[in-house]
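From first to last, the protein sequence lines stand for chains A and B.
Remember, this note's numbering sits 267 above the position in the first sequence when you count from 1.
Remember, this note's numbering sits 13 above the position in the second sequence when you count from 1.
Mixed in with the good hints there might be a few duds.
Far from chain A, some chain B residues (derived; all Cβ distances over 10 Å) [what the hints assert, rightly or not]:
id : residue
1  : Asp30
2  : Trp79
3  : Val122
4  : Gln195
5  : Arg200
6  : Arg203
7  : Gly302
With a cut-off of at most 25 Å between alpha-carbon atoms, the simulated SDA-like pairs for lysine to any residue come out as follows [claimed, not checked]:
id : chain 1 : residue 1 : chain 2 : residue 2
8  : A       : Lys415    : A       : Thr353
9  : B       : Lys115    : B       : Gly282
10 : A       : Lys415    : B       : Arg49
11 : A       : Lys387    : B       : Gly282
12 : B       : Lys208    : A       : Thr353
Just so you know, these hints were derived from the structure itself, not from any lab.
For glycine and all other residues, C-beta sits at the position ideal for the given N, C-alpha and C.
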Amino acid sequence: MTRPQAVERPRVDEPAPDVPPPGVASGAPISLRAASKVFGHAGDAVPALDAVSLDVRSGEFVCLLGASGCGKSTLLNLVAGLDAPTAGAVEVAGRTTLMFQEAALFPWLTAQGNVELALKLQRVPKAKRRARVAELLRVVHLEGFERKLPHELSGGMRQRVQLARALAQGADILLMDEPFGALDAMTRDLLHDEIERLWREQGLTILFVTHNVREAVRLGDRVVLLSSRPGRVVAEFPVDIPRPRRIESHPVADLAATITDELREEVRRHGEEA
Amino acid sequence: MAKKPDNGSGARTQLLDRELSGLDHLETALPSGPSRASRIWAAAWPKLLAIALVLIVWQLVVWSGWKPEYVLPGPRAVWDSFVENFSTNMDAAWTTLQRGFKGFAFALVIGTIVGALVARNRVLRSAIGSLITGLQTMPSVAWFPLAILLFQLGEGAIFFVVVLGAAPSIANGLISGIDHIQPILLRAGRVLGAKRWRAFRYVILPAALPSFVAGLKQGWAFAWRSLLAGELIVLIPGQFSLGQQLDANRQLADSAGVISVMIVILIIGILVDALLFGTAERKIRRRYGLVDTAAA
């Protein structure tokens, strides 16, 4: 199991490179080559990802879809550099940031304090921080809530603070781990519009993990379907529906139905094995 | 990098702005709490009632004639003694408090360093983790014979025992605080690029703060107890302290004097606990969103 590894990524505290670092051949911001991840050791080893190959183009919005146990979070950890693959290669050209599903804001800091800490940890001088924080909170429509603590904000507002904090890192690759999973439908709809707007305006590359098929179709340029235990790419669906899209529209619902069938097929296979 | 939005998307963005802010305002309207005066009264009256009850029972016991009044004086006699000895007792309390704060400050430094190291280092933890808990349960009086042999009958012996009384609780508070940090906060810290000292300073320490302050509170209680035990055992000639005053009054068979010193000790204990640690704890719990607003 000792195939060569190549994990190329710039350090977080270095300025964003204008040219991709050497060793990145594909030119894609995210490139996985037969990346595998096994947890545990020989006897009770659990494969989480099995030879996943995936390229994400610059400025692309890719949604990763899968049932439980497809290793979605493992995959994001690999791309974010929080974990290393057991085999294969994960190449990332650019600065990544990861946004979580639930309460990942620091509860002792205000909205503005949370965003500012991201800047502070990148050693942005104090004089520049204040203006940048105000600007980022304006981008996510939170002016007037700068001094609120996370527990004083609604779920949707907390996720927008997380978004501002992620943008504060100056990353061009945004990794999102079911970021809207815990929100009510109304708020989620608005945040879909919001993330789409930010993606367009800031030229981000987004890898978005979800288990909600309609959400994936609503947002993605491409939907990638992962199998479960171990995670493996089983199908890809380009989404040609023109934007702006609505989650209730027929084209979105139709494609979502097709993908759901495929997803169920995948889940059924596990039923037969058991 | 930013693409210029066309007019159509500009209008949609404006609409989105309005929708988001509408939802935000609907979701963050909180009812205001009761007024300050009524909160103070609500906190005060049960305490006043309890004090009144204690005084009544005490007076009844004295009236019952269970012990002669020169052995068990009533509230009135103790009050007179309290007023009469007030300035002496305050001098004594000042010495005792200074010792307490000195010892506690040193224990704070030691306990924090040891706690942080043990929490973050697996080998250290298995080596001395249970030892710290063991020290916490050891009665501090048990240290005095050794402390007196090491430092003779003097400030050093008292200081030594006060530090040993408080430091384990402080260390344990920090350790359990760090152990109970939600993993997602640590992950978020790593994503933001917090490493080593900066991770400790900006993520781990603030996340562990509620439990750390609980440890400080307990540490102070242990320090205060060890201190009074120390002052009773280690009598330094020519120096007023609360422990020394207790002993002096006992030797004079002045029960009212003994009880009035005890009341000073009790009041200081309550005040430090409530004003210093209680306030800090309440503020932190409120800031961290650990207070149930429906119940409070």
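How the hints compare with the structure:
1. Asp30: Label violated. Min Cβ-Cβ 6 Å, cutoff 10 Å.
2. Trp79: Non-interface label on Trp79 (chain B) holds, nearest chain A Cβ at 54 Å vs cutoff 10 Å.
3. Val122: holds (23 Å)
4. Gln195: Since the minimum Cβ distance to chain A is about 8 Å, Gln195 (chain B) lies within 10 Å and the statement is violated.
5. Arg200: Given that some Cβ of chain A is not farther than 10 Å from that of Arg200 (chain B), nearest at about 7 Å, it is violated.
6. Arg203: Contrary to the label, Arg203 (chain B) does not stay out of reach of chain A, its closest Cβ about 6 Å off (not over 10 Å).
7. Gly302: Answer for Gly302 (chain B): violated, closest chain A Cβ roughly 3 Å.
8. A:Lys415 x A:Thr353: Not satisfied, since the Cα-Cα distance of roughly 42 Å exceeds 25 Å.
9. B:Lys115 x B:Gly282: holds (16 Å)
10. A:Lys415 x B:Arg49: Holds, because 22 Å separates the two Cα atoms, which is no more than 25 Å.
11. A:Lys387 x B:Gly282: violated (40 Å)
12. B:Lys208 x A:Thr353: holds (24 Å)
Hints 1, 4, 5, 6, 7, 8 and 11, counting from the list given before, are not met by this structure.
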